[in-house]
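Residue numbering for the sequence shown follows the numbering used here, starting at 712 and increasing by one per position.
Any given hint could be a false lead.
Unchecked claim - Each pair of labels, with its calculated beta carbon distance range:
no.: 1; residue 1: ARG948; residue 2: TYR744; range: 19 to 25 Å
no.: 2; residue 1: GLN846; residue 2: LEU797; range: 30 to 36 Å
no.: 3; residue 1: ASP840; residue 2: ASN722; range: 55 to 61 Å
Said to hold, decoys possible - Straight-line Cα separation of at most 16 Å, EDC-like style, residue types lysine to aspartate or glutamate; simulated pairs:
no.: 4; residue 1: LYS887; residue 2: ASP916
no.: 5; residue 1: LYS784; residue 2: ASP746
no.: 6; residue 1: LYS793; residue 2: ASP944
no.: 7; residue 1: LYS926; residue 2: GLU859
Honestly, the hints are just simulated from the structure, not real lab data.
Beta carbons are placed, not taken as given, at the ideal position from N, Cα and C, and that holds for glycine.
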Amino acid sequence: MNPLSPTRATNLREAYRICIPEPLMGEDIDRYYVDLSSVRKTETIQNITTKLQFLEPEEFCTILFTGHRGCGKSTELRRIQKKLELDYYIVYVEADVELDINDAEYTDLYLLIIKKVADKLYKLGAKFDNKLLSQFESWFKDITKETEESVEQAISLQVDAEAGFKIPFISKLLTKLLAQIRGSQKQKQTIRQTLQKDISRLQADINLLLADAFKKLTKKEPQYEKGFLIILDNLDRIPPNVGKHPFVTT
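Starting from the given sequences, assemble the full structure and let the hints guide the process.
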């Protein structure tokens, strides 16, 4: 999304552009956000921010923020991000951009989350615990029959240069897995069936990696004493049973 014009509209075309119902972000939030607290309840939004601010380091919570399409959820999530970005290291994920919204499974979300956290962590110059990472990667190698050589061949070395840092193997592996899930039907079914059959293993490993990521983040960047804040946006655009699974079923 391109930033909105900082000046008032002077013709119909400019007025149309400003009135496009897309989420506000960045400087546009301060410039165009309208406080509607006098005509609609906003306690929930404030309660979310307050709860996150009151959490102690190493405490965690899961919050499901719902509303009908176009009511301003994404804009409010961006405002929460802006308010808390000094306390938390934000990982903002737009599900409809990262996943195939017409064919997604809840396991795809788990893979996406740990990939995004891994990318952020390594960008800061920190790394997962070698033992935990090795166990996680070995399990996935067994599932997918991938090796470091096969992953390197599939993921262009140019990606490292574009990212500005050397991307770790775990990120490259998960990038390839997510691409396979969006592509080959046979590979997609094999990967998903294996993960769903051993979902407790997947959840346990990811939780261990997230706990380790918290320690590495707070050591490397002490100002983020509360760790990561992972915001999953646009879950209403993927199948309902997929979007609700991380919040309701597990």
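Hints the structure fails to honour: 4 and 7
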